[in-house]
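Make a model of the complete structure from these sequences and hints.
Same order as they appear, the protein sequences are chains A and B.
Here the first sequence stands for residues 1 to 972, where the numbers follow our numbering.
Here the second sequence stands for residues 1 to 177, where the numbers follow our numbering.
The set of hints was computed from the structure by calculation and includes no laboratory data.
Be aware that a few hints might be false.
Said to hold, decoys possible - Derived DEER-like restraints, expressed as beta-carbon distance ranges:
#, chain 1, residue 1, chain 2, residue 2, range
1, B, Lys73, A, Gln511, 34 to 40 Å
2, B, Lys158, A, Leu528, 50 to 56 Å
3, B, Gly41, A, Asp861, 41 to 47 Å
4, A, Pro43, B, Gly46, 21 to 27 Å
Unchecked claim - Here are the simulated lysine-lysine pairs, DSBU-like style, with alpha carbons at most 35 Å apart:
#, chain 1, residue 1, chain 2, residue 2
5, B, Lys73, A, Lys35
6, A, Lys35, B, Lys94
7, A, Lys110, B, Lys94
8, A, Lys866, B, Lys94
9, A, Lys143, A, Lys493
What the hints assert, rightly or not - Calculated Cβ distances over 12 Å to all of chain B for the following chain A residues:
#, residue
10, Gly172
11, Leu522
12, Gly639
None of these values were measured; they are calculated from a predicted model.
Backbone N, C-alpha and C define an ideal beta-carbon position, used for all residues, glycine too.
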Amino acid sequence: MTDPSEKALGRRTFLRIAGALGVVAGCSPKAATQKVIPFLVPPDDIVPGTPLYYRTVCRECPAGCGVTARTREGRAVKLEGNPEDPIGRGALCARGQAGIQALYAPDRFKGPMRRGADGRLAPVGWDEAEDALSKALVAAREKGPGAIRMVTRPEPGSAGAFQEAFMRAVGGAAEDRLVLDPFDPAPLRAAGEALFSRTEIPVYDLTRARSIVSFGADFLETWLSPVEYARQLAEGRGRVGEDRTRLTWVSPRLSLTGYSADGWLRARAGGELAVALGLLRWLADPANGVPGLAPEARALFPRLAALDPAELSRRAGVPWAGIERLGRELALRRPSALLGPGQSSQGPDATQLAAVIMLLNVALGNLWQTVYYGLDPQEDPPSPFAEVESLVADMAAGRVQVLLVHHADPAGTLPAALRAGEALGKVPLVVSFGDRPDPTTSRAHLVLPDHHALEAWGDVTPRLGVVNLCQPAMTPLADTRAAGQVLLEVGAKLPFPAAHFPWPDFYDYTQTRAQMYAMVALGKFPDLMAIQRDALQRGGYWSYQLPARKEMPDLLRGAAERFLSLPPSPPPEGGDLDLVVFPTVLRGDGRGADLPWRREVPDTVSSLSWIPWAELSPATARRLGVATGDRVSVTTSAGRAELQAYVYPGLRDDAVALPLGGPEALAVLPPVRDGGSGAIAFRSARAAVARAGRGKPLPILEGSPYQHGREIVRTVSAAAPALRRPDLSHLMYREPEHPTHRWGMAIDLDRCTGCQACVVACFAENNVPVMGPEAASQGRYMGWIRMERYLGDEPGGELEVNLLPMLCQQCTNAPCEPVCPVYATYHTAEGLNAQVYNRCVGTRYCSNNCPYKVRTFNWRDAQFPKPLQMQLNPDVTVRSKGVMEKCTFCVQRIRYAENQARDEGRPVRDGEIVPACAQTCPAQAIAFGDLHDPGSRVSRLAGEKRGFGALEELNTRPAITYLARVREKEEP
Amino acid sequence: MRVLPAAAASALAGALALLAACRAPPPPEQPIRFSHRIHAGDNHIGCTSCHGYAERGPVAGIPSMARCQGCHKFVKEDQENPAITAEIKALLQKLEDGTAVEWVRVHRVPDHVFFTHERHVLGGVRCQECHGEVERMEVMRQVSPLTMGWCLECHRRKQAEKPLERARLTDCWTCHK
Numbered sequence: 001m002t003d004p005s006e007k008a009l010g011r012r013t014f015l016r017i018a019g020a021l022g023v024v025a026g027c028s029p030k031a032a033t034q035k036v037i038p039f040l041v042p043p044d045d046i047v048p049g050t051p052l053y054y055r056t057v058c059r060e061c062p063a064g065c066g067v068t069a070r071t072r073e074g075r076a077v078k079l080e081g082n083p084e085d086p087i088g089r090g091a092l093c094a095r096g097q098a099g100i101q102a103l104y105a106p107d108r109f110k111g112p113m114r115r116g117a118d119g120r121l122a123p124v125g126w127d128e129a130e131d132a133l134s135k136a137l138v139a140a141r142e143k144g145p146g147a148i149r150m151v152t153r154p155e156p157g158s159a160g161a162f163q164e165a166f167m168r169a170v171g172g173a174a175e176d177r178l179v180l181d182p183f184d185p186a187p188l189r190a191a192g193e194a195l196f197s198r199t200e201i202p203v204y205d206l207t208r209a210r211s212i213v214s215f216g217a218d219f220l221e222t223w224l225s226p227v228e229y230a231r232q233l234a235e236g237r238g239r240v241g242e243d244r245t246r247l248t249w250v251s252p253r254l255s256l257t258g259y260s261a262d263g264w265l266r267a268r269a270g271g272e273l274a275v276a277l278g279l280l281r282w283l284a285d286p287a288n289g290v291p292g293l294a295p296e297a298r299a300l301f302p303r304l305a306a307l308d309p310a311e312l313s314r315r316a317g318v319p320w321a322g323i324e325r326l327g328r329e330l331a332l333r334r335p336s337a338l339l340g341p342g343q344s345s346q347g348p349d350a351t352q353l354a355a356v357i358m359l360l361n362v363a364l365g366n367l368w369q370t371v372y373y374g375l376d377p378q379e380d381p382p383s384p385f386a387e388v389e390s391l392v393a394d395m396a397a398g399r400v401q402v403l404l405v406h407h408a409d410p411a412g413t414l415p416a417a418l419r420a421g422e423a424l425g426k427v428p429l430v431v432s433f434g435d436r437p438d439p440t441t442s443r444a445h446l447v448l449p450d451h452h453a454l455e456a457w458g459d460v461t462p463r464l465g466v467v468n469l470c471q472p473a474m475t476p477l478a479d480t481r482a483a484g485q486v487l488l489e490v491g492a493k494l495p496f497p498a499a500h501f502p503w504p505d506f507y508d509y510t511q512t513r514a515q516m517y518a519m520v521a522l523g524k525f526p527d528l529m530a531i532q533r534d535a536l537q538r539g540g541y542w543s544y545q546l547p548a549r550k551e552m553p554d555l556l557r558g559a560a561e562r563f564l565s566l567p568p569s570p571p572p573e574g575g576d577l578d579l580v581v582f583p584t585v586l587r588g589d590g591r592g593a594d595l596p597w598r599r600e601v602p603d604t605v606s607s608l609s610w611i612p613w614a615e616l617s618p619a620t621a622r623r624l625g626v627a628t629g630d631r632v633s634v635t636t637s638a639g640r641a642e643l644q645a646y647v648y649p650g651l652r653d654d655a656v657a658l659p660l661g662g663p664e665a666l667a668v669l670p671p672v673r674d675g676g677s678g679a680i681a682f683r684s685a686r687a688a689v690a691r692a693g694r695g696k697p698l699p700i701l702e703g704s705p706y707q708h709g710r711e712i713v714r715t716v717s718a719a720a721p722a723l724r725r726p727d728l729s730h731l732m733y734r735e736p737e738h739p740t741h742r743w744g745m746a747i748d749l750d751r752c753t754g755c756q757a758c759v760v761a762c763f764a765e766n767n768v769p770v771m772g773p774e775a776a777s778q779g780r781y782m783g784w785i786r787m788e789r790y791l792g793d794e795p796g797g798e799l800e801v802n803l804l805p806m807l808c809q810q811c812t813n814a815p816c817e818p819v820c821p822v823y824a825t826y827h828t829a830e831g832l833n834a835q836v837y838n839r840c841v842g843t844r845y846c847s848n849n850c851p852y853k854v855r856t857f858n859w860r861d862a863q864f865p866k867p868l869q870m871q872l873n874p875d876v877t878v879r880s881k882g883v884m885e886k887c888t889f890c891v892q893r894i895r896y897a898e899n900q901a902r903d904e905g906r907p908v909r910d911g912e913i914v915p916a917c918a919q920t921c922p923a924q925a926i927a928f929g930d931l932h933d934p935g936s937r938v939s940r941l942a943g944e945k946r947g948f949g950a951l952e953e954l955n956t957r958p959a960i961t962y963l964a965r966v967r968e969k970e971e972p
Numbered sequence: 001m002r003v004l005p006a007a008a009a010s011a012l013a014g015a016l017a018l019l020a021a022c023r024a025p026p027p028p029e030q031p032i033r034f035s036h037r038i039h040a041g042d043n044h045i046g047c048t049s050c051h052g053y054a055e056r057g058p059v060a061g062i063p064s065m066a067r068c069q070g071c072h073k074f075v076k077e078d079q080e081n082p083a084i085t086a087e088i089k090a091l092l093q094k095l096e097d098g099t100a101v102e103w104v105r106v107h108r109v110p111d112h113v114f115f116t117h118e119r120h121v122l123g124g125v126r127c128q129e130c131h132g133e134v135e136r137m138e139v140m141r142q143v144s145p146l147t148m149g150w151c152l153e154c155h156r157r158k159q160a161e162k163p164l165e166r167a168r169l170t171d172c173w174t175c176h177k
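The structure is reproduced here in structure tokens:
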């Protein structure tokens with residue numbers, strides 16, 4: 001007699017058998033076989049498993065920073081700045097770092113496509129596509145002038161020159177080729193034209209400026225050359241006292257650039273001009289006795305005296321005392337640099353603002369000290385915006401038969417009120433050379449995908465005396481062709497003799513250009529091959545130097561007067577708030593803003609990722625009954641956008657702010673132009689904001705933006721240059737010893753601008769997974785570095801923004817280590833808190849015990865949709881679900897440098913090991929090295945009086961020393 | 001008697017597992033029956049003559065087809081052994097077609113192991129210590145288990161020789177990162 005329960009297979013028994021069977025299955029000799037396929041002929045340069053570097057150039061914005069692309073086994077895995085390049089000097093911004101994702105984007109076009117009768121793009125052969133284009137060009141040419149048009153991004157080099165030649169060959173006029181840069185600083189050019197008869201973008205040398213005033217120009221984010229200017233600002237930072245560069249931010253909104261400022265003049269939107277005029281009036285006023293003022297500026301006073309300080313102050317929205325105080329500072333601290341306008345201050349009077357700012361520079365003698373003319377290469381400058389408008393009008397009227405689009409996105413980067421997308425629909429043949437879908441390419445009839453910059457030949461001249469060369473770092477991934485090559489081939493099919501170019505392919509064309517550059521550089525006909533090879537290895541031809549004073553232009557007689565009156569204030573219509581739109585470093589003008597890293601990495605100011613947002617000041621939000629996360633509608637005369645609100649004390653009460661780089665801000669921009677240059681007036685509208693309901697949980701990183709008395713980030717001043725630090729001499733436990741090295745880091749918060757370049761570089765170097773908006777709203781962002789931003793001590797208190805790049809502190813007494821039950825996190829002999837992924841079982845005790853919350857847990861398997869997985873760094877493990885991970889101080893780079901040193905039979909040199917974050921930092925705020933070596937840079941910095949450890953009262957003894965931000969109280 | 005079926009099942013599974021584990025995996029079948037015995041043994045060709053990256057990088061490297069051709073431009077047959085001639089002919093055909101031999105991988109460590117040939121070879125570890133007496137193998141097969149315990153067994157032994165200098169030999173982050 002047996003109990004029926006005994007026969008039944010119990011749960012435990014089942015598990016026991018299943019487990020045993022699993023073991024048997026695991027032992028099966030039929031393991032998956034892997035093929036090893038050898039090279040036919042091994043490339044000379046490639047040693048498998050070791051990196052190979054190529055110098056090329058970043059094409060993400062017109063700044064044109066040089067790039068060193070690291071390749072592994074023939075594929076690019078990481079971009080770094082080219083240290084020899086005079087623009088970027090080895091650094092890249094966050095957007096540049098993310099550029100490599102466009103190369104491996106899963107939605108990249110795999111080959112030429114043609115839109116069929118069903119409205120879908122279908123693959124087509126290159127020959128057929130080029131035939132179709134050449135036939136359309138022949139037909140269009142017969143329709144008369146202006147039927148063939150081209151829209152391109154600025155291409156100051158071979159690509160642009162060849163496009164010009166092609167357009168001439170098909171019978172086009174010069175203006176039929178339109179150079180489109182949505183962020184074109186046209187007002188600067190117009191002001192230079194009016195004041196000095198120099199239609200140029202000035203170049204700034206901020207290293208010599210003792211004071212900088214920016215009128216809404218986000219020169220640490222997107223303005224002109226942000227990597228270069230961030231480095232230049234940083235050179236004047238990191239010290240206490242008189243010779244530290246001061247920065248004043250004039251804008252209705254405290255932007256990321258404003259975070260680096262010592263003072264913020266909360267001018268109302270459009271009040272920047274009144275501030276600038278007020279400054280000029282104060283400086284020129286003989287009663288104030290400003291010494292050494294340029295005589296031209298003194299001569300302007302009779303006109304300036306007509307301006308009433310009270311009226312200026314009212315229009316500016318700031319007390320006159322604030323303007324006076326800034327005037328006094330500028331009078332004393334010479335030379336200085338006044339910058340602007342940027343997108344957020346580019347209104348209908350932008351040229352006047354640019355001119356008054358330049359007059360201030362003239363008055364203070366900054367020209368040829370910090371502000372230079374004569375360095376704009378004037379190669380392929382953006383077309384006047386009036387030409388953009390006339391192209392759109394021609395397209396809408398059906399006068400354009402063929403439109404060639406080269407890496408420009410008129411439908412996705414211009415204000416919607418322009419109706420560029422609609423006009424594109426009226427063009428019978430839109431040809432896009434774009435490599436990925438975007439609003440313009442989705443309207444194209446023929447897609448002829450160009451190579452990515454990492455697969456192509458070319459050259460870029462961002463500045464006079466700087467030619468950065470573009471060379472392929474890898475063979476093209478897909479069936480793409482260089483746009484120049486396509487034009488060359490199409491030209492050969494055309495019945496116009498002028499279109500039969502003499503070059504066999506586009507590479508040869510770039511070589512003839514290279515010959516020209518070499519001749520310019522050497523002044524004689526050189527051995528091109530040798531010169532060119534050297535230049536490619538170096539990254540370019542550089543003869544860059546700042547011009548001498550004698551080459552500087554003089555102010556034209558009578559040119560300044562017309563800029564000295566305040567334009568009538570616009571009628572307050574369209575809403576009760578000023579609309580402020582601002583660019584962000586990750587989103588840029590919107591092109592490529594959808595790449596995973598650019599969306600995953602939170603914006604520093606709002607700490608939001610993935611979504612656009614509308615900023616409202618706390619008082620305004622209260623008035624409208626809006627809380628952070630609520631949906632709000634923003635309505636202007638041009639349109640309406642619905643976004644989630646972010647309540648931000650760094651904004652005036654009479655404004656609402658929207659980020660550029662997406663359709664939302666463009667939808668509400670009215671069709672207003674700058675009177676002087678015709679450029680888009682990003683700042684002109686008034687907006688009505690209303691609550692539109694509750695929103696979804698925000699993909700937001702921050703818990704609280706306030707320090708709540710915890711003194712997490714600390715500051716010093718000239719009056720109190722040293723920090724009081726806790727006495728941690730009473731040890732209870734024995735501390736770990738580090739017999740050889742003690743790797744450490746120093747982060748200078750006085751240099752750090754919060755630009756996030758380090759964050760994106762870390763994603764690229766360490767295979768940090770992108771988890772998406774839902775994970776972000778659950779607090780499951782995986783970044784190893786996060787930019788902590790504190791707005792002050794308590795809500796409603798004084799606004800004092802402090803940044804703290806937070807990453808694993810590699811503590812000496814690490815709280816994470818003793819709690820790991822499986823010894824997956826432990827202390828290495830060199831002081832690193834190691835995390836061993838293959839040992840981790842995911843208890844998350846370590847993260848619970850980490851006071852810095854820098855450990856991230858893989859709640860699900862990371863996705864690297866093909867071919868994005870080709871970007872993965874082969875030197876770093878790809879973590880899987882259930883595993884904890886964190887910053888390793890780039891241990892793979894430490895090991896690589898140690899290996900190199902050992903090969904050469906020497907110890908590792910200071911500065912040889914550079915983690916990805918430190919490498920790319922435009923401000924050079926991060927130093928890494930051996931704390932045991934008293935001569936190392938990191939040891940010197942760690943010993944500075946400004947040094948402190950994050951939450952050091954916990955006695956974790958971090959290996960990271962933060963150097964406190966210097967904050968001087970403003971002089972009254 | 002409730003434990004009986006479970007115990008029996010476990011015992012059976014255990015026995016099967018043991019059987020599977022004890023049997024060394026057979027050498028994989030390669031598209032061309034390349035013999036290390038002939039190359040490295042009879043003809044005394046050094047390992048790094050073909051696996052040229054072993055002293056320079058993490059990966060020893062599979063010789064390129066051009067490397068094969070370097071010798072087999074001249075060595076086109078074995079007059080005494082038609083079976084070998086047939087294999088050489090197969091290789092020559094590949095060379096003529098310009099296609100690569102798709103070898104079946106024999107040695108593999110998991111992705112989270114960052115092994116480097118360079119440090120081992122330059123450190124004086126003989127190839128045979130891990131790969132076995134390759135010069136006697138007709139067909140290449142895995143001799144060592146390449147498990148972490150097996151690696152550490154050697155690492156510990158070497159560390160014991162110079163404990164201070166070689167402290168890192170047992171550090172997790174030496175091989176995992």
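Comparing the hints with the structure gives:
| no. | hint | verdict |
| --- | --- | --- |
| 1 | B/Lys73 with A/Gln511: 34 to 40 Å | holds, 36 Å |
| 2 | B/Lys158 with A/Leu528: 50 to 56 Å | holds, 54 Å |
| 3 | B/Gly41 with A/Asp861: 41 to 47 Å | holds, 46 Å |
| 4 | A/Pro43 with B/Gly46: 21 to 27 Å | holds, 23 Å |
| 5 | B/Lys73 with A/Lys35 | holds, 25 Å |
| 6 | A/Lys35 with B/Lys94 | holds, 16 Å |
| 7 | A/Lys110 with B/Lys94 | holds, 30 Å |
| 8 | A/Lys866 with B/Lys94 | holds, 31 Å |
| 9 | A/Lys143 with A/Lys493 | holds, 19 Å |
| 10 | Gly172 | holds, 45 Å |
| 11 | Leu522 | holds, 36 Å |
| 12 | Gly639 | holds, 51 Å |
No hint from the list above goes unmet by this structure.
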